[in-house]
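Chain W: place on chain E using the hints.
The residues making up each chain are set out below.
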Amino acid sequence: MQLTGRHESRLGRGRRATRAALAATVLLGVGAPAGADETVHATYHSFSDSAKNHVDTWVMEYVQGFADAWSASLRGALDRVHLPPLAGLPGSQENIDAITTASRPVHSAVQSKQDYLKERQELTGSLQWAPRGQSLRASGSYYVSRESDFLGQQASGEVARNWNGGSTALALRGAYGFDALHPDAHLNGNATGQSRSNVDVTLTATQTLSPVTQASFGVELTAIRGFQSNPYRNVYAGGQILPELHPETRLRRAVFAECERYLTSRASASIGLRYYTDDWRVRAGTVDVHFNQYVGDHCIVRYRYRYHTQTAAYFFRDLYTAPGGVDGYRSGDYKLQDVDSNLFGLKVSVPFEGTAPWLDGLVLDLKYERYFDSNSFAANVLEAGFSWPF
Amino acid sequence: MRRWIALGLGLAVLALAGCATVAPFQREYLADRIMDPAASARERALERHWLDTREGASGGALGAGGGCACN
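Chains E and W, in that order, are what the protein sequence lines are. Counting along the first sequence from 1, when you hit position 161 you're at 161 in the numbering used here, and nothing is skipped either side. Counting along the second sequence from 1, when you hit position 18 you're at 1018 in the numbering used here, and nothing is skipped either side.
Same shape as in the complex, but just chain E:
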């Protein structure tokens, strides 16, 4: 890993902040009043892909109920990202492709031939009001994500109400996010600080259709304004190596629906559908199917399949013939190209019930998923975690 003193200092501060947050999460749990509603969730998440990128994520969340109607939660997450050495020399066509598959800054030939390590710290605090016997509930949260070159923050609020004895529910969520980017030194890169903001509104309705069937559907709108390119990604356009340049506004729209049904033989099945469009002319459809089955008295096995298809953004090209790209925009972002993807998953949940009293409610989870797409990308996702109310 090659880091400057400034970066090491930043990373050091970030590590200390994350450790402090995780310690506070644990201490809150230790110091909570006896008999209160408390739950601890912890998860380890491992992501490895065919480009030899690897991300380890540790998450811990503590939820504390108080004053009957209120609960508060604190969630800390730490990402440790490991990227392999780049294949070619900095600035070569080969590396332009390599950079597009992993947004690492490159400031020298020597550094490009070394592993790159990066950390991301995330902290979310939430407060929820949900009085028993009342149909109205509300919640609010604040989220902050920090990297050596990035600081993202988001404040959100949600109001929900039930009708028909709880058979119908409507939830409205609003969020405002603001991100600041301070790019690290990078060949052909621009180290100017950048920012962007987003406003997100989601409306979700849930309806009980029968004693064994429920459905939900909704709409989500997101408006983003500001810098939306990758400061480390270069594009080969008109014989030149130029920085990626995306439009500074984007309006994203999605409608989604999900139906879930309890089946005979202690099983359930669900299907989720999502349709998405935006003003960069990306259109996408997603189908997500789950099948849950009890094995034995308590153990649950979940099988999953997800299919996603999307079209390319109007300004995305594999090769740009002119430096101006398309309408002045150039992109090397693989997320903005045509893609079809498949995901297969298996998850096992083991609740500890009826064993020892102090273990009651503990649930252990183990999950494996395999993801692959039409652009020869594949990834393995492994997740292990537990939830423990006490």
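One should not assume that every hint holds.
Below, a list of computed lysine to aspartate or glutamate pairs in the EDC-like style, where the Cα atoms sit at most 20 Å apart [to be verified]:
# : chain 1 : residue 1 : chain 2 : residue 2
1 : E       : K367      : W       : E1028
2 : E       : K52       : E       : D288
3 : E       : K347      : W       : D1032
4 : E       : K347      : W       : E1043
5 : E       : K367      : E       : D288
6 : E       : K347      : W       : D1036
7 : E       : K367      : W       : D1036
If you're looking for bench data, these hints aren't it; they were derived computationally from the structure.
Only chain W this time, still in chain E's reference frame:
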């Protein structure tokens, strides 16, 4: 934009129309652990984080994460 708002409101009205009112004592199956979508909310948040780095059609909430090396 107006079409999307109208579609959202239409869906909400359909939901509010209510296909069935299920009494609390009839909710045994709906309350079962394998029927609880909220149980997977944390899992979805983690998944969204890495899916956002491969697919450009996510909702966009919870921070775009533009500076992340996993992006």
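Check: If you check each hint against the structure, which ones fail?
Finding: 1, 2
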